[in-house]
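Novice: Taken in sequence, the protein lines are chains Y and L.
For the first sequence, numbering that gives the first Met the number 0 begins at 0 and goes up steadily by one.
For the second sequence, numbering that gives the first Met the number 0 begins at 0 and goes up steadily by one.
FYI, nobody ran anything at the bench for these hints, they're computed from the structure.
A virtual CB, placed ideally from N, CA and C, is assigned to each residue, including glycine.
Treat the hints with care, since some could be wrong.
Unchecked claim - Which chain Y residues face chain L? A few, computed with CB under 8 Å, are given here:
1. I49
2. L52
3. I53
4. T55
5. Q69
6. T71
7. K74
8. L77
9. P81
10. G85
11. E89
12. L90
13. W93
14. Y98
15. Q143
16. A221
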Amino acid sequence: MKIDIDNITMIYPSGKKALQDITVNFESPGFIGILGPNGAGKTTLMKLLIAGLIPTKGEILLDGKPLLSQETQLKAQLGYLPQSFGLYDELTVWQFLDYMAALKGVKGRKYIDEALERTSLTEQKKVRIRNLSGGQRQRVGIAQALLGNPQLIILDEPTVGLDPEERIKFRNIFSEMAQNKIVLLSTHIVEDVQAVCNRVLVIYGGLILYDGSPSVLISDAAEHVGTYIAQAGDPVSEGCRVVSKVNVSNGIRCRIVAEKLPKFAEIAEPTLEDAYLYCIHKEGRE
Amino acid sequence: MRFLSLYRVELRRLILTKQIWLISALCLCAPMLGYTVYFPVGSVTMSALYIGCPVLAGTAAGSVLWAIAAIADASRQFRSGTDILAASAAPPLAHSAAKAAALITISAAATILCALAYLPFTAVKLDYLFNTGYYFLNFLVFMLPTWWISILFADGFYRITRRVELSAVLYAALAYMSFSRLAQRKYFLRWINPLAYAYSDGFPDIWFQRMGAYTRLVWLCIAAGVWMFSLICLRKYQKGLAESFVRGLKKVYLPIGMAALITVGAVLWNNQLFIGNGADDFIDEFILDDEHNLKLVEGMTGVKYSVKVDTVLGTLSGTSEYRIITPIKGESVLRLNAGYKIKSITYGGERVNFRTVKEDINGQYDTYFELPEKNRERLIIEYGGFPSVAQCHMPGVHNSIGENYIYLEHTDIVPLLMNYGLDYGTVDFEVTLPDTLTPFLFFEPITKYVQNSDGTRTYSTILGEHYIFNFIAGNYVTDTFSSNDINFRFVYGDVYRSAVEEYNVQQSICDVYDYCTEHYGKSPHIGRGLFTLFQLSSMKMGGYATQGSSTWFEDVISPNILSDPNRGATATEVFIHEMIHQWWGGVGVWCENDDIWSAEGLTVYATYRLVKEKYGELYAKQYYVDDWTRAVAEQDRNFYNRYPEYLEKLPEHYREQLSASNQQTNHYKRMPLMILKAEKLVGGEEKMDEILSTIYSDYNNRTDQYNVTYKDFLDYCGLTEEDLKLD
Ligand SMILES: Nc1ncnc2c1ncn2[C@@H]1O[C@H](COP(=O)(O)OP(=O)(O)OP(=O)(O)O)[C@@H](O)[C@H]1O
Ligand SMILES: [Mg+2]
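Modelling step: build the complete structure from the supplied sequences, incorporating the hints.
Specialist: Pasting the structure below:
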């Protein structure tokens, strides 16, 4: 499967330009993490990919054909977890997955059992959705996206509301699945991406700031990450962005990213998170 | 197929939804409204009360419930966001169709449950009158499709507006239209409360069911068209209504399907056969017609009418053969029921061209043609079709051709050749109909017949003059008996045989006849010493009284009426009461109907007098005078009657209820008591009988159908209103 996004611009009826001249391709196998702050345009990009929106300009091709003419084929191969969605409260987990499987035309209990198992919901399968916790509901959402082994999986912030243990588990499941398909995952939790994605897109203000492997993103940030000890009330130096602050015995250890580190900062090894923030920070300053 | 699997899924989901169970349960209860508060059927036969009212109430109330179900389900999916997941999984158009189909299926299951749930009760209530097929037919024709129509409208409205309150307003407006004044004239507008004005026990007729099925079909087309329109409006790509609509149009099968459905609906509506397309009001112009400036000539030696009815289709086909001496010059005019088409007109074997006018008058229309100038030839007119009912006549006078009952009048059965006056020479009349039905021409039985091999009989009769036709056939039985100088022919529905025996109807007829003749005078209806009492189907509203015969409504010997304690102490007395109406009431002397005065007062008084003669003074006092006194006292004790100033504070509903109950008491109890008082004031029973006899001879059978008022009565008694005030 191959998806070509060709020079797309998306302007909402309100006049908000959510994406601007985006060109990007996805090919299976591939596990792509989409990083970006709130309002960056991640959800918009995903909605465009599932034919939930029509781009204002540009075109999306699915295996070389316009996406909108391929809606049926697309839906047959798609597993989609929207950022916000609803479930039928009065159904049990199993009934709901059964319903979604039937809507998708997926036949066989084994797919439902498999999805339940992957999302650790086997025990809850007879529980009504009304009685689930927030994280469990999110997992039901993920489970329905996994039904029937789809070739294209698009997950909009799948790990929201999950406890750390579950998050780690899901990362592994996703990466396992990405062996032979396209998995797109949006998040602002960098760790999710770092662990498993072989490709990162950084979106900011409707633009793609970075498209490549996580390691290159990290190496781009080398010498732009530093730490120093500050005292409470100290102003942050101009051009720096504080990534984290940790209280230590002799003050506050600040970790910063900057195009040009101040002299007093000690250069540190960048993590993906640093690199991502640096990437955005750099953009913001330009 | 994708649709089928989606349909199965949605069906399963709905079955698991609590609200749907709630709605279904309420739908099961809805027919009870027809026992208690909603009485859309005019007649009071058993099938009206226990089939018509509950089915129609369930139809209307259930429709609203299903609309709520459709809107609630759609809006829940939209607001909770389950539709986002669904849209990513299934094609939205097929999915929408599957959802509607699933709800429609559930409503169909609910109809079946509903029919089964009320079956035992209805069967017990109707007893020997119960007919299983007829019972289910009513659910099938009225309830099932109306619920579907309702679901399609509601689902469509929500998809178009995406707003609960807007959909509700649209739906309410549509439902209001169905109940509005306009719909009282334009019956086809009644989509949620189909018209079924009468239900007959003795002569079950499916005229209203036929029209019901037809109007349901029309409305199904319209509703499906609206629903198709909503599919065009289906929101996609987060676009608004207008843009989604333009995109929807690109799926050409949607606008084409919608247009096709609406067109079929409109064509069906326009070409309906049930109700004439003429004026809403009765136009008093029947035979002579100045406008056409017709010359009447007497140029015929005879006519032969042959008519064949198809009781399954409800149609008639006929041939009229006129033996003309000299055709009139210029155009001849032929008048026929608006539902019939003229197939051919020939004169002396030659085809004659004709033209018709579209506008009909009172459910009839005219055809014009010119005859060639040849003398002594046969004019043959072939015609046929489904007889329609005049708009203005509904739901009163009513023609119909059904398996159990045929009622046809005038141009419903034979054409009227207008320029030749009424002297047609000898008239041969021949009619072919199933051998289960007994035919009557103007209440006279037609006895001569030939049995045909296809289960029909061809009856024939010769009339000395040209009748104004009134043809009835049904499952009738005829009893003949006599009292003193009079022979009675009592014609009634076969199913009433046991009731007639049980309630001693024959004896009552004789008693009443003797009593009324002795006290009020001979009925001028009676000729040749034979009096025909003819029971009409309740489909046919309105009574007749002519030379030698008198008709009455079916309802009069309905078990339901006979057990109404308001009308007499026992069922037999109820029958006496109804029979007296042949003297005082719709037939005989007509009475004004106001708050206090009506034909009931005189009828109840006369019943009391008859009963007194028959069973003695004690009995009459106990069951009549004491009963009236008690009821009147109770009415006077009523708080709101004593303090009418508080009445205004009551909600209108209660005020209406109270005034209806007051009127009932006034008519049936107070007025008889007042007449009793008048009797004392004028000097006793004999004097009162004289007065009534004078009134009877002065007003009976007046051609202007004058209504005798309370004031007239007082004048005859020489009394004032003040005199008869009860204290
Ligand atoms: N339906 C809409 N109409 C108008 N503007 C919208 C609409 N949806 C999103 N936007 C705007 O488009 C921009 C991109 O939104 P989008 O939802 O794609 O962001 P995101 O990257 O998914 O953010 P988040 O991390 O908060 O989910 C935002 O500025 C948002 O306000
Ligand atoms: Mg988002």
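Novice: So, against the hints stated earlier in the document, which numbers end up violated here?
Specialist: Failing hints, ascending: 4, 5, 13 and 16.
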